[in-house]
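Colleague: Given these sequences and hints, build the entire structure.
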Amino acid sequence: MATKSINTKVLVVGAGPGGYVAAIRCGQLGLDTTIVEADRHGGTCLIRGCIPSKALIHAASKLDDMRKHAGKGVLGIKLPQEPEFDLSGAVKWKDGVVDKLSRGVGSLLGRAKVREVHGWATFSDAKTCTVDTDEGEVTIHAEHVILANGSVATELPNLPFGEHVISSAEALNLPEVPKRLAVVGAGYIGLELGIAYAKMGSTVTFVEATDRILPLYDAALVRPVEQYLKKNKLKVHLSTKAQGVKVNKGVATLSAKSDHGDDLNIKVDKVLVTVGRKPNTQGWGLENMPVDMDGPFVKVDEQCRTSVSKVWAIGDLVGEPMLAHKGSAQGEMVAEIIAGQRRAFEPVAIPAVCFTEPEIIGVGLSPDEAKAAGYETKVGNFPLAANGRALSMEAGADGGFVRITARADNHVILGIHAVGKHVSELSGEFIHALEMGSRLEDVAGTIHVHPTMTEAFPESALSALGHAIHA
Amino acid sequence: MGTYVFKLPDIGEGIAEAEIAEWRVAVGDMVEEDQPIVDMLTDKAAVEVPAPTDGKIVKLHGEPGDMVPVSSALITMEVEGDGNAIDADVDIRPAEEADPEPDPEPDTQPKAESAQEPSAPAVPDQKPASKPAQKPSRKPAGRTRPAGDKPLASPAVRRRARDEGIRLAYLQGTGPAGQITHADLDEHLASGQIAGPAATGLVQKTGVEDIKIIGIRRKIAERMQDAKQRIPHFAYVEEIDLTELEALRKHMNTNRRDDQPKLTLLPFLMKAIVQAVPHYPQVNSNYDDAAGVVHQFEGVHIGIATQTKVGLTVPVVRHAEARDMWDSAAEVKRLADAARAGQATKDELSGSTITITSLGALGGIVTTPVINSPEVAIIGVNKLVEKPVVIDGQIAIRKTMNLSSSFDHRIVDGYDAALFIQKIKGLLEFPATLFTS
Numbered sequence: 020m021a022t023k024s025i026n027t028k029v030l031v032v033g034a035g036p037g038g039y040v041a042a043i044r045c046g047q048l049g050l051d052t053t054i055v056e057a058d059r060h061g062g063t064c065l066i067r068g069c070i071p072s073k074a075l076i077h078a079a080s081k082l083d084d085m086r087k088h089a090g091k092g093v094l095g096i097k098l099p100q101e102p103e104f105d106l107s108g109a110v111k112w113k114d115g116v117v118d119k120l121s122r123g124v125g126s127l128l129g130r131a132k133v134r135e136v137h138g139w140a141t142f143s144d145a146k147t148c149t150v151d152t153d154e155g156e157v158t159i160h161a162e163h164v165i166l167a168n169g170s171v172a173t174e175l176p177n178l179p180f181g182e183h184v185i186s187s188a189e190a191l192n193l194p195e196v197p198k199r200l201a202v203v204g205a206g207y208i209g210l211e212l213g214i215a216y217a218k219m220g221s222t223v224t225f226v227e228a229t230d231r232i233l234p235l236y237d238a239a240l241v242r243p244v245e246q247y248l249k250k251n252k253l254k255v256h257l258s259t260k261a262q263g264v265k266v267n268k269g270v271a272t273l274s275a276k277s278d279h280g281d282d283l284n285i286k287v288d289k290v291l292v293t294v295g296r297k298p299n300t301q302g303w304g305l306e307n308m309p310v311d312m313d314g315p316f317v318k319v320d321e322q323c324r325t326s327v328s329k330v331w332a333i334g335d336l337v338g339e340p341m342l343a344h345k346g347s348a349q350g351e352m353v354a355e356i357i358a359g360q361r362r363a364f365e366p367v368a369i370p371a372v373c374f375t376e377p378e379i380i381g382v383g384l385s386p387d388e389a390k391a392a393g394y395e396t397k398v399g400n401f402p403l404a405a406n407g408r409a410l411s412m413e414a415g416a417d418g419g420f421v422r423i424t425a426r427a428d429n430h431v432i433l434g435i436h437a438v439g440k441h442v443s444e445l446s447g448e449f450i451h452a453l454e455m456g457s458r459l460e461d462v463a464g465t466i467h468v469h470p471t472m473t474e475a476f477p478e479s480a481l482s483a484l485g486h487a488i489h490a
Numbered sequence: 012m013g014t015y016v017f018k019l020p021d022i023g024e025g026i027a028e029a030e031i032a033e034w035r036v037a038v039g040d041m042v043e044e045d046q047p048i049v050d051m052l053t054d055k056a057a058v059e060v061p062a063p064t065d066g067k068i069v070k071l072h073g074e075p076g077d078m079v080p081v082s083s084a085l086i087t088m089e090v091e092g093d094g095n096a097i098d099a100d101v102d103i104r105p106a107e108e109a110d111p112e113p114d115p116e117p118d119t120q121p122k123a124e125s126a127q128e129p130s131a132p133a134v135p136d137q138k139p140a141s142k143p144a145q146k147p148s149r150k151p152a153g154r155t156r157p158a159g160d161k162p163l164a165s166p167a168v169r170r171r172a173r174d175e176g177i178r179l180a181y182l183q184g185t186g187p188a189g190q191i192t193h194a195d196l197d198e199h200l201a202s203g204q205i206a207g208p209a210a211t212g213l214v215q216k217t218g219v220e221d222i223k224i225i226g227i228r229r230k231i232a233e234r235m236q237d238a239k240q241r242i243p244h245f246a247y248v249e250e251i252d253l254t255e256l257e258a259l260r261k262h263m264n265t266n267r268r269d270d271q272p273k274l275t276l277l278p279f280l281m282k283a284i285v286q287a288v289p290h291y292p293q294v295n296s297n298y299d300d301a302a303g304v305v306h307q308f309e310g311v312h313i314g315i316a317t318q319t320k321v322g323l324t325v326p327v328v329r330h331a332e333a334r335d336m337w338d339s340a341a342e343v344k345r346l347a348d349a350a351r352a353g354q355a356t357k358d359e360l361s362g363s364t365i366t367i368t369s370l371g372a373l374g375g376i377v378t379t380p381v382i383n384s385p386e387v388a389i390i391g392v393n394k395l396v397e398k399p400v401v402i403d404g405q406i407a408i409r410k411t412m413n414l415s416s417s418f419d420h421r422i423v424d425g426y427d428a429a430l431f432i433q434k435i436k437g438l439l440e441f442p443a444t445l446f447t448s
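Top line first, the protein sequences correspond to chains D and L. Just so you know, we're using the working numbering here: the first sequence kicks off at 20 and counts up by one. Just so you know, we're using the working numbering here: the second sequence kicks off at 12 and counts up by one.
Quick caveat, the hints were computed from the structure, so don't treat them as lab data. Glycine is no exception: its CB is placed at the ideal position from the N, C-alpha and C atoms. A couple of the hints might just be wrong.
[Stated by the list, open to error] Calculated lysine-lysine pairs in the DSSO-like style (CA-CA distance at most 30 Å, straight line):
no.: 1; chain 1: D; residue 1: K28; chain 2: L; residue 2: K216
no.: 2; chain 1: D; residue 1: K390; chain 2: L; residue 2: K161
no.: 3; chain 1: L; residue 1: K223; chain 2: D; residue 2: K329
no.: 4; chain 1: D; residue 1: K28; chain 2: D; residue 2: K329
no.: 5; chain 1: L; residue 1: K436; chain 2: L; residue 2: K394
no.: 6; chain 1: D; residue 1: K254; chain 2: D; residue 2: K440
no.: 7; chain 1: D; residue 1: K97; chain 2: D; residue 2: K250
no.: 8; chain 1: D; residue 1: K23; chain 2: L; residue 2: K230
no.: 9; chain 1: L; residue 1: K273; chain 2: L; residue 2: K398
no.: 10; chain 1: L; residue 1: K410; chain 2: L; residue 2: K434
no.: 11; chain 1: D; residue 1: K28; chain 2: L; residue 2: K223
no.: 12; chain 1: D; residue 1: K146; chain 2: L; residue 2: K216
no.: 13; chain 1: D; residue 1: K265; chain 2: D; residue 2: K276
no.: 14; chain 1: D; residue 1: K268; chain 2: D; residue 2: K198
no.: 15; chain 1: L; residue 1: K398; chain 2: L; residue 2: K434
no.: 16; chain 1: D; residue 1: K73; chain 2: D; residue 2: K250
no.: 17; chain 1: L; residue 1: K216; chain 2: D; residue 2: K329
no.: 18; chain 1: L; residue 1: K320; chain 2: L; residue 2: K357
no.: 19; chain 1: D; residue 1: K276; chain 2: D; residue 2: K198
no.: 20; chain 1: D; residue 1: K268; chain 2: D; residue 2: K254
no.: 21; chain 1: D; residue 1: K23; chain 2: L; residue 2: K223
no.: 22; chain 1: D; residue 1: K250; chain 2: D; residue 2: K260
no.: 23; chain 1: L; residue 1: K230; chain 2: D; residue 2: K28
no.: 24; chain 1: D; residue 1: K252; chain 2: D; residue 2: K265
no.: 25; chain 1: D; residue 1: K146; chain 2: D; residue 2: K318
no.: 26; chain 1: L; residue 1: K357; chain 2: L; residue 2: K230
no.: 27; chain 1: L; residue 1: K273; chain 2: L; residue 2: K434
no.: 28; chain 1: L; residue 1: K161; chain 2: D; residue 2: K318
no.: 29; chain 1: L; residue 1: K223; chain 2: D; residue 2: K132
no.: 30; chain 1: D; residue 1: K146; chain 2: L; residue 2: K223
no.: 31; chain 1: D; residue 1: K132; chain 2: L; residue 2: K216
no.: 32; chain 1: L; residue 1: K216; chain 2: D; residue 2: K318
[Unchecked claim] Per label pair, the in silico range of CB-to-CB distance:
no.: 33; chain 1: L; residue 1: G76; chain 2: D; residue 2: S24; range: 58 to 66 Å
no.: 34; chain 1: L; residue 1: I224; chain 2: D; residue 2: D151; range: 31 to 39 Å
no.: 35; chain 1: D; residue 1: W139; chain 2: L; residue 2: P80; range: 48 to 56 Å
no.: 36; chain 1: D; residue 1: D320; chain 2: L; residue 2: A194; range: 26 to 34 Å
no.: 37; chain 1: D; residue 1: L127; chain 2: L; residue 2: E198; range: 39 to 47 Å
no.: 38; chain 1: D; residue 1: R130; chain 2: L; residue 2: E198; range: 38 to 46 Å
no.: 39; chain 1: L; residue 1: E250; chain 2: D; residue 2: S24; range: 49 to 57 Å
no.: 40; chain 1: L; residue 1: K216; chain 2: D; residue 2: G123; range: 33 to 41 Å
Modeller: Printed below as a string of structure tokens:
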């Protein structure tokens, strides 16, 4: 087959939330842009991460809710029998959501006049790559290269992925609900999926090497999640390291060893390994472009420049936090810099969310982090149990709260955190307050609509000022 | 009266200390707010630090050359009002209280209370509310950001600052809690303290137009590259006194017949070359370096470098040795017109044995012309100017011109080239000799 050759102003590698946003913005700015992707549009976020996991979590929660109505019922609603559940039906619906969004990305790229090349790009030097496409080899040479290669799930050497050991990607496409599921790694991905499978009927056991779950969040925020796990009989083995999986007559057993020396053998149908993700730096010729590295990540400056002129890198490839919205913001910025605008990646904070039961969100510094950074703080808390809307949506009984952390001297807000049902949708207002440099008085002085859960936010600010009305 | 200790403010991202370059004030000086008091050097830039308030300098903390950590004391001033014992606690003092600065007024009240009492209760440092109460000390302390604090600004302000080339680290905000506002950016821009090139209104242009090099331009490019790569050029420049020749030329033009063309300098130079070539025949040749043969010509075919719309072309006046002055002039004009009209034939554009290039009409004192390969010599005409020249101990105004020539050093030795040009010089300076042989 003949080799085709493309010369382009901007080449974007990877059509995930970093890459496709970069490409669309480049297109909007009139730059001749080419994007290369071997998979469908959307990257980890859309195809095997954020979106499909949230769809499955939603289906699992709906099932869990309906089960509560079977028998005696709740809220006066009774179902005559337990609802029936077919995981393949939920997966099919989830796939529909993903397909729709993925096609949407494709049409957005088209509208921005971005040239698309489908296949795996392999770089021979920093500005040239070859893509194996269905129509033959395509060589692309670009003036600017934006690397948005993303990340891959970390595999444990003693638990290689296979029939019984799966990563989060496979966990979103299982044909049936495993009876017994062990989750190795109790970070946010493991907890989200583990809790969802427990709702779908799996007996779930967490094995976590450190001494706590969700190590990125402080103890107060994690406590409602711990209580949920306890109440719903999800087992958690802390300070315990998974050793391996043995299969005997079709029955798999996960062996683990605690730091105290206790041996653990857990009969499982599936082992889900969620011990983190690592930047995707292998297999596409990164070694042929002499960019500097920063540990496992590609090293970039505050404008996402690598050490090679006109080679940029964004998203999971360049460091923590490995979150879609960070990659998107960087992609948009790089496009504008290439178009000659002056930009830098300088957010006050990058918000993070955890779709556990209940949900956790965090923007900015926690009280402990603020103290460690040398601030004297004022901290306010408002329990969702005192919020009318939360109670009226069965969202007030899980120990949730909104917590605000501000500087003691000038009351500028440093961080806002919340845990509770539905709190993920409050995060927008939180990060906006932080980016605008708001002070406690700004939040307290903003009339929030009643009855909504957002009222917990000004109440938390009033609490920090020492005069909460409803608590 | 109070004591005001001014600490080195945070003068740039990631800068922990700066060197005192020069004090602009001395102990005892009265200074006004914003008057420059010291030049500080960081590894990135020199920064002028202004006085935070009006007052009298009572102490300078350090000598030029000393390194001063950010947020350590720089000067002590005597000011009206209470100094920064009150103001500083609200805004200046970093979060940690481990401050070596002696408290000038032993204030026993807890700091938080002292901060809140003078102004509105829950709004300790809102400028508009607290300003009237603090009138004597004006605004200085509230405007200084504690060390290590990032500048506080909304995303829109941050973006605009980027666009305008303003480093927010150098600005103090007047908004709540020292927030930098759009108004602060306006004021900064109006003050002329321009931090970056964007504030000049000039915009970087990043567009690149790709132009395919084809046709005549590619031919020119290839030939120029070939000539410069293969031929070891050497240049020789000489000044020539053309006063006599110009007088002759004027006379001939005045008395020419109607069917005779107006004479420029070119036919005279051509005539001089024709006269000089028999003495130095190696300059009138083509060197076939691949074959290792020099074709030395008896006839003199002079290329005339001519600018056309599509670029440089070189029509050839054939057998210049067999043409008189008028004939040469007519042929140069005919060829130039044909070349500019794009009608010169292949024969008219090839076969030269030596070339003349003239940029003299555009000015220029010297050129280093590129040899029209495979020739071995090219003569460039520079601008004719009147200038004072010393003749027999007297200064005279003479019409002079430089000839800038290049030779292929593989074939023409420097000695011979110099003699060749000197011969031409003699012919042109004594024009009667042009017509004797």
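Colleague: Each hint should be assessed against the structure and marked as holding or not.
Modeller: Now for the hints, and whether the structure bears them out:
no. : hint                        : verdict
1   : K28/D / K216/L              : holds, 15 Å
2   : K390/D / K161/L             : holds, 16 Å
3   : K223/L / K329/D             : holds, 23 Å
4   : K28/D / K329/D              : holds, 11 Å
5   : K436/L / K394/L             : holds, 15 Å
6   : K254/D / K440/D             : holds, 22 Å
7   : K97/D / K250/D              : holds, 23 Å
8   : K23/D / K230/L              : holds, 29 Å
9   : K273/L / K398/L             : holds, 25 Å
10  : K410/L / K434/L             : holds, 19 Å
11  : K28/D / K223/L              : holds, 17 Å
12  : K146/D / K216/L             : holds, 22 Å
13  : K265/D / K276/D             : holds, 15 Å
14  : K268/D / K198/D             : holds, 17 Å
15  : K398/L / K434/L             : holds, 23 Å
16  : K73/D / K250/D              : holds, 23 Å
17  : K216/L / K329/D             : holds, 16 Å
18  : K320/L / K357/L             : holds, 18 Å
19  : K276/D / K198/D             : holds, 23 Å
20  : K268/D / K254/D             : holds, 26 Å
21  : K23/D / K223/L              : holds, 20 Å
22  : K250/D / K260/D             : holds, 24 Å
23  : K230/L / K28/D              : holds, 28 Å
24  : K252/D / K265/D             : holds, 25 Å
25  : K146/D / K318/D             : holds, 17 Å
26  : K357/L / K230/L             : holds, 14 Å
27  : K273/L / K434/L             : holds, 26 Å
28  : K161/L / K318/D             : holds, 23 Å
29  : K223/L / K132/D             : holds, 24 Å
30  : K146/D / K223/L             : holds, 21 Å
31  : K132/D / K216/L             : holds, 23 Å
32  : K216/L / K318/D             : holds, 28 Å
33  : G76/L / S24/D: 58 to 66 Å   : holds, 60 Å
34  : I224/L / D151/D: 31 to 39 Å : holds, 33 Å
35  : W139/D / P80/L: 48 to 56 Å  : holds, 52 Å
36  : D320/D / A194/L: 26 to 34 Å : holds, 31 Å
37  : L127/D / E198/L: 39 to 47 Å : holds, 41 Å
38  : R130/D / E198/L: 38 to 46 Å : holds, 42 Å
39  : E250/L / S24/D: 49 to 57 Å  : holds, 55 Å
40  : K216/L / G123/D: 33 to 41 Å : holds, 35 Å
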